[in-house]
Amino acid sequence: MFYVDDHNHEEKGSDHDGVDHAHTDHDHASNVDAKAGHENADHGHDHSHDDHSHAETGHSDHGLSDHGLSDHGSHAEAGNLSMTEQLQANMAKYLDVNGLMGHVQDAYYFECPEALGLSFEDEHGHQHNGIKIPNITGFTKETPMIGTAEKPIFVGRLSKFMVLELVGAILLTLVFVWLAKKIKSGDRPKGKIWNLLESFVVYIKEEVVKPAVGEHDYERFLPFLLTTFFFILTLNLLGAIPFLGSATGSLAVTAIFALATFGVVVGSGVQKMGFAGFLKAQVPSMDLPPAMKMVLLPLMFVIEIFGLFVKHAVLAIRLFANMFAGHLVLAIFVGFVGVLGGTLLFYPITPVVVLGTIAFSAMELFVAFLQAYVFTFLAALFIGSAQHAH
Amino acid sequence: MSQFALNECLLLASGGGEANPLAAPIDLALWTLVVFLGLVFVLGKYAWKPIIEGLNAREKSIADNIESAARAKEEAESNLKAYEEKIAGANDEAAALIAEARSDAAAAKERMLAEASEEANRTRQKGLADVEAAKSAAVRELAEASVDSAVSLASNIVGRSLKKDDHAKLIEESVKRFAGS
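Protein chains in written order, with this note's numbering: chain A, 1488 to 1877; chain B, 43 to 223.
Please note: incorrect hints may appear among the correct ones.
Simulated coverage check for chain B against chain A, where a stretch passes if three residues somewhere in it have a Cβ under 8 Å from a Cβ of chain A [said to hold, decoys possible]:
# : segment
1 : 63-69
2 : 89-99
3 : 131-144
Bear in mind the hints are in silico, worked out from the structure with no lab data behind them.
Glycine included, every Cβ here is placed at the ideal spot set by N, Cα and C.
Start from the sequences, fold in the hints, and give me the full structure.
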């Protein structure tokens, strides 16, 4: 668990789940220090200071360009750095891996533009620009519900992604219960929203699920597959809204979707063919001499069962990696503005970065739909192949 | 920059306790499971079921409508064909009627002409026959009268002694009488 606002790694001295930021920060900071000289002196070397500097680099400053701008003045004052030195110093600050990932991964607060003046102090006394998610249960990573501070197994605290999932689920419920009422009325489809939503539902039903699962009994898998598609799509799209995030950019989330798919695949297969029948159906039937069969069949069985697990794992990883990487690239792109702050390159490059960010966001929008489709389509295919013998 | 990135990558790869993109907190996983299953249940019951039923019902009603429209069209076409046949039949009938009337009229004309000419013929024949009869009657009468005159003449002559002068006188007288009659 790698929540951005977690800074007290030194005190804990633990490195479970990638909690600490200080180590890398420290490492690359010293890397840069060596070249950049005195400006980053407070970045490394001195552990007592490190915490403070980290809070600054890792969080409140992350990536937002205006901040970078306001910052570079102090850089210039502090010392007459060459452009290379300035760039290196900025890079350490704005392209810090932990910081960038902080924007992409789960957290206990929602980020906000600094200009809104919404800042709060976390449990460790660090300032963040954003809105803290109320800690209802009172558990923290240091005092988890299950586990210890060194190895928290189950923290039991509401995080950003959990809130986004809840928001997405409520949104979906409202929208589709409304749509259900409309369709049930028997009227012809009227209005943009109705037609839009219906065309999605009909597309998934007729063009994805029906051909993949088979005409005969595709309808009983529709609730699962439609929910999967729209939930993933909603979570993906929530990530396109600035300062929110994509819950599908976390392996924990996509793994659950894949696990649920696996459950449906195995469950429906066993229900259809029986447990032994389902296992047998995994191996394709072949015309082979008995001797060859004796050798090949067990081998194939092992491979196919392994493949059954792998293809579901890949289902989770594909969605997660696409969303995570997309958002990370966006964060890096925006980070360039910060990197260029204080140098003359800022002026020519920033427009390019802004345009690039817009283009990349548009592509992310496409990816949001594509990945929701791909996940649903493959899940439908897996379910379909479990319904019929190989 | 590349060295910088490499450092980060190595740190990540070594699992050096830094931000781990593959981290999967159990909290989030369990939460996702609960929310997802809840959503499958709620949407399945209150959204997907009525939506799928509604869509299927609409699909069916559209299919039914199309089918009944096709049936109605078929029916209309067959009706149209029947009417067209009927109209074509009526035309033929009318033409036949006219032709029949024409031939009837022509026949009537023929007949009337024939009758008329026959009648005329008959009248003429009758006229001729009457004339002939009248003529023969007249001739007969004339002959009878001639015979009578001849007989009376002869008796007159016979009643006296016929002499040469007498004879001439007799003929003269007879001719006079004949002419006077």
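Of all the hints numbered above, which does this structure not satisfy? Sort the numbers upward. 3
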